[in-house]
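Protein chains in written order, with the numbering used here: chain A, 1 to 206; chain B, 1001 to 1206; chain C, 2001 to 2330; chain D, 3001 to 3330.
Source of the hints: derived by calculation from the structure; they are not laboratory data. Each hint can be trusted.
Partial chain A-side listing against chain D, Cβ under 7 Å, derived:
1) A72
2) T168
3) K169
4) A173
5) L175
The following residues of chain C were derived to be distant from chain B, with all beta-carbon distances above 10 Å:
6) V2043
7) G2169
8) R2179
9) A2251
When the alpha-carbon atoms are kept at most 20 Å apart in a straight line, the in silico DMTMM-like pairs for lysine to aspartate or glutamate are as follows:
10) K2067(C) - D3321(D)
11) K3002(D) - E2211(C)
12) K2067(C) - E3323(D)
13) K1177(B) - E2140(C)
14) K73(A) - D3085(D)
15) K73(A) - E3031(D)
16) K1120(B) - D2119(C)
17) K2026(C) - E3318(D)
18) K94(A) - E106(A)
19) K3330(D) - E2323(C)
20) K2290(C) - E3017(D)
21) K3254(D) - D2025(C)
22) K1007(B) - E1019(B)
23) K2028(C) - E3279(D)
24) K2202(C) - D1022(B)
25) K2039(C) - E2323(C)
26) K2167(C) - D2314(C)
27) K3290(D) - D2025(C)
28) K202(A) - E103(A)
29) K116(A) - E3115(D)
30) K177(A) - E3140(D)
31) K3002(D) - D2209(C)
32) K3330(D) - D2025(C)
33) K2330(C) - E3323(D)
34) K50(A) - D3085(D)
35) K2002(C) - D3233(D)
36) K1073(B) - D2119(C)
37) K1116(B) - D2119(C)
38) K3202(D) - D2209(C)
39) K3290(D) - D2040(C)
40) K3290(D) - D3321(D)
None of these values were measured; they are calculated from a predicted model. Even glycine gets a Cβ: it sits at the ideal position worked out from N, Cα and C.
The chain contents come next:
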Amino acid sequence: MQKDVIKNWLFTVNERIQEKKDFLSELDRAIGDGDHGVNMSRGFAEAVQKIRDNEPADIAGLMQTVAMTLIAKVGGASGPLYGTAFLKAAAYLKGKADVTVRELGEAFKESLIGIKQRGKAELGQKTMVDVWEPVVEKWLSYDGAVDFDELRALAEASLEKTKDLEATKGRAAYLGKRSIGHLDPGAYSSYLLFDTLFNELKGVKA
Amino acid sequence: MQKDVIKNWLFTVNERIQEKKDFLSELDRAIGDGDHGVNMSRGFAEAVQKIRDNEPADIAGLMQTVAMTLIAKVGGASGPLYGTAFLKAAAYLKGKADVTVRELGEAFKESLIGIKQRGKAELGQKTMVDVWEPVVEKWLSYDGAVDFDELRALAEASLEKTKDLEATKGRAAYLGKRSIGHLDPGAYSSYLLFDTLFNELKGVKA
Amino acid sequence: MKKVINDPNRVVQEMIEGVIAAHPDKLKNIEGTTVIVRKDAPVQGKVALISGGGSGHEPAHGGYVGKGMLDAAVAGEVFTSPTPDQVYEGIKAIDGGKGVLMIIKNYTGDVMNFEMAADMAEAEGIKVAKVIVNDDVAVENSTYTTGRRGIAGTVFVHKIAGAMADKGGTLEDVEAVARKVIENVKSMGIALTPCTIPAAGKPGFEIGDDEMEIGMGIHGEPGIERTKIKTADEIAQLLMDKILPELGLAAGDKVAVMINGLGGTPLMELYILNRKVAEILAGQNVHVHKTFVGEYMTSLEMAGCSVSVLKLDDQLAELLDAETDAPAWK
Amino acid sequence: MKKVINDPNRVVQEMIEGVIAAHPDKLKNIEGTTVIVRKDAPVQGKVALISGGGSGHEPAHGGYVGKGMLDAAVAGEVFTSPTPDQVYEGIKAIDGGKGVLMIIKNYTGDVMNFEMAADMAEAEGIKVAKVIVNDDVAVENSTYTTGRRGIAGTVFVHKIAGAMADKGGTLEDVEAVARKVIENVKSMGIALTPCTIPAAGKPGFEIGDDEMEIGMGIHGEPGIERTKIKTADEIAQLLMDKILPELGLAAGDKVAVMINGLGGTPLMELYILNRKVAEILAGQNVHVHKTFVGEYMTSLEMAGCSVSVLKLDDQLAELLDAETDAPAWK
Ligand SMILES: Nc1ncnc2c1ncn2[C@@H]1O[C@H](COP(=O)(O)OP(=O)(O)O)[C@@H](O)[C@H]1O
Ligand SMILES: Nc1ncnc2c1ncn2[C@@H]1O[C@H](COP(=O)(O)OP(=O)(O)O)[C@@H](O)[C@H]1O
Ligand SMILES: [Mg+2]
Ligand SMILES: [Mg+2]
Ligand SMILES: [Mg+2]
Ligand SMILES: [Mg+2]
Chain A
1 MQKDVIKNWL FTVNERIQEK KDFLSELDRA IGDGDHGVNM SRGFAEAVQK IRDNEPADIA
61 GLMQTVAMTL IAKVGGASGP LYGTAFLKAA AYLKGKADVT VRELGEAFKE SLIGIKQRGK
121 AELGQKTMVD VWEPVVEKWL SYDGAVDFDE LRALAEASLE KTKDLEATKG RAAYLGKRSI
181 GHLDPGAYSS YLLFDTLFNE LKGVKA
Chain B
1001 MQKDVIKNWL FTVNERIQEK KDFLSELDRA IGDGDHGVNM SRGFAEAVQK IRDNEPADIA
1061 GLMQTVAMTL IAKVGGASGP LYGTAFLKAA AYLKGKADVT VRELGEAFKE SLIGIKQRGK
1121 AELGQKTMVD VWEPVVEKWL SYDGAVDFDE LRALAEASLE KTKDLEATKG RAAYLGKRSI
1181 GHLDPGAYSS YLLFDTLFNE LKGVKA
Chain C
2001 MKKVINDPNR VVQEMIEGVI AAHPDKLKNI EGTTVIVRKD APVQGKVALI SGGGSGHEPA
2061 HGGYVGKGML DAAVAGEVFT SPTPDQVYEG IKAIDGGKGV LMIIKNYTGD VMNFEMAADM
2121 AEAEGIKVAK VIVNDDVAVE NSTYTTGRRG IAGTVFVHKI AGAMADKGGT LEDVEAVARK
2181 VIENVKSMGI ALTPCTIPAA GKPGFEIGDD EMEIGMGIHG EPGIERTKIK TADEIAQLLM
2241 DKILPELGLA AGDKVAVMIN GLGGTPLMEL YILNRKVAEI LAGQNVHVHK TFVGEYMTSL
2301 EMAGCSVSVL KLDDQLAELL DAETDAPAWK
Chain D
3001 MKKVINDPNR VVQEMIEGVI AAHPDKLKNI EGTTVIVRKD APVQGKVALI SGGGSGHEPA
3061 HGGYVGKGML DAAVAGEVFT SPTPDQVYEG IKAIDGGKGV LMIIKNYTGD VMNFEMAADM
3121 AEAEGIKVAK VIVNDDVAVE NSTYTTGRRG IAGTVFVHKI AGAMADKGGT LEDVEAVARK
3181 VIENVKSMGI ALTPCTIPAA GKPGFEIGDD EMEIGMGIHG EPGIERTKIK TADEIAQLLM
3241 DKILPELGLA AGDKVAVMIN GLGGTPLMEL YILNRKVAEI LAGQNVHVHK TFVGEYMTSL
3301 EMAGCSVSVL KLDDQLAELL DAETDAPAWK
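Full structure from sequences and hints, please.
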């Protein structure tokens, strides 16, 4: 795939996040400190602006710009986590002009590893990892063509599952059992990322 | 008059003040800090208790006990003012077993001087002086028999006059013109003192 | 009323016990009183300083007791002047033979109760002098009326007169420098919320959700005006507009500034206010020798603040900078 | 929302300007950042200390910058961890060649942002170590979870590690003594009212007029239990009942105590609380070496307080007592 696919994706992600800004904060108000929507909206608006102002040369460059902007503008927990995710992906894709779907999947595997290292979280702790891990693993499990609709459904199902979990990482962990019954805000924003990505990739040949 | 007249007076004053405690505080809330009733009730309850526990030998002793108790228990502005008033009266009456109405008037003239010195206030500044001065001056103006009913009426009229004054001494002075239209709380408690006193003295021969 | 207290009628006594428990090496309580004195009082051969007033202004006044500041602080009931017998006990406990200076805030009750205590002490042969602090420019000045109130500027009087006494000044020296501070310090404050006297259980006054009171006193006495709430910069400007003309500052003059919180206003806001105060002074080429930002003279949990500006000469600056171990001075 | 501010979105920057205006002789701001550093930074040949976190905890952390405490404090948005680039700027500005210790409160965001900054600094050849403060015993301790939060006890880490660096300790020495403080300090708090983040404009949570939250965090994170409001003595008892078993104190042991106000609670109440805390410790024959009563780690204007107890040995006591000129230490 060419740079434009990723650029379009990032622009769409930004739109979806701005749309869902209040909803994300509302989710965070229930089990965190209520700023996840504000944090994400601040970070992605700025990232897209940076890309518009000074468009990077390749996919890795786009990822790197997003990474650096999120790191510098978001703060909190989600800033370094998403920042790390994009930084790792950028590193993996560095120097590649054309990127295959498989390579993008491998890049996001690096992202997943980065998120888990940075956050010291595992599957089942009611964090964004609960969306990233099943989705990325499934993606890389395809031998041939990737079923993007299946991946979209999985992202959504993985998000839904966070509702029944008890948080043991992040701010929601202070609530203990009281965190059960609410979606994890970071899982929701991760779902948005993947949902738009797979929608975008459906139109692209591997 | 004998000691009992003054003792009865003090007991009655205490009752009237306890009755009017909330009303006095309410007056003070309008133009001061709302504690005049609390202050007076604390002071007189204690003074009467002291007299009950250890009755002084003569009128000067009664006055002295009230003075010391008010000084030690009231604080604020009214504590030292009433304390000084009773202290000066006690000093004037010292050593007198029997006291004439005229002498009592002279004693309260000393009180008035003490109040004015202590508070540096003059007539017309919306303070207790506005009751003390006209009443004591009138009292001493009688050559023969004292008309206690006339004095009672004068005490009440003097109190009423404080309503139209602008306060320039005490806490109410910070309100400036906004103090107009309210009775002065200290003038009210002074009126209570004189009203009960003249009622008591009516039954006593000069 | 939400307060961390036990019995609303015992707050003063329990607070004093807590103060002594926190600073047992420096402070002691005169038994049976609400007077806090230096642990080593009386300090022989030193002029002693006493101040005080109603409680509810913490750290004033107990927090200013220490070497180089006060020798004694007398605490009345909340917002009620202490009685003369308490002040008298304080005077007796600290007199080291060189006399005692009373630093009194200009409230009728405070002035009278301290004066009566002085009468009692003088009858015992103790030399007593007094100064009356009236730094609040919100109130019109007039000798005919009660005059201006004493507010946060009082703390500068404690500090500088205390340093002069510590240096060995006579009672006349200490009184003179205290008067000099009083002449050169002007203050004014604003309030955003009322506060609740524990024994009363309800707020002292009412104020709208979008209102502020300009020039309010530290017991909730009314000020000049009630207005819609203003920005920090506007508040700084209006307070300085009242304070500065009183000081007659010229370019090159030196001042100390106190940005005082009334209890409920966080330090963040006090610093935002200071930003503009500093800018205004810089704009007039006035040199700020030292700035104090924090809670120095409070009104329980009232939200609001006051600004004090003290014009300094070299003597005042040196005494202001002198060491003290009073717990609340920094 | 009643606050002395200008633009709710500029409170952090304006506060920092106000801090620098108040202490221009001691502190400076790294231009274009929200980092406050010692005026004389970098101090060559000294281990440097950096801390920080979200704003709204004033005087933490800028007030603890000074000789003998921190070299830099990084301020995030209100209650939001600062970003790694800001922390990185701080590290670069203070490194005097002997390495930098990061003192981080245990919040996921703080830990990750500081760690990323460390990565950046290490890539530039700066030696960076870190300690993570987790003194809040309200939260269960478990390596599997996020673990305990860092609250007011952090200030003891700043003070003692800062003194060790000032004495010439190596990065290993300073880190070791910081860890020792962390192992020996336990804290817990209660809240009576919420607070309002300026940019949010409304209170962070709701609580009944007669309720208190036991074990609440300094950003309004929920605690152990919401109950009817208790007396000061009951609050002291329940906090100490959680804190003391964690310290394993024996008769004759020595501690430092911090009675910390969250912003809206007046000093009077903190002293009343201290009265009981001191009594409980005396009852166990524990010696209180020093007591700190005041606002050290706040939550904007939240009413409430926390108690921290630090078990001392001779080394910690000596470092705690060492001089510092940090504006907020006393
Ligand atoms: N240790 C962690 N590992 C992975 N994800 C985490 C971790 N901690 C928090 N998160 C994610 O971050 C989200 C919260 O982000 P945000 O609200 O922006 O930051 P903060 O919690 O600092 O306010 C959570 O919903 C969760 O998905
Ligand atoms: N300077 C003064 N001279 C005479 N009376 C005064 C003076 N100042 C105050 N008062 C009297 O004291 C009364 C208030 O007493 P109180 O409320 O007990 O004390 P405080 O004003 O200290 O709260 C006033 O109503 C007034 O009559
Ligand atoms: Mg959040
Ligand atoms: Mg009154
Ligand atoms: Mg009063
Ligand atoms: Mg946050």
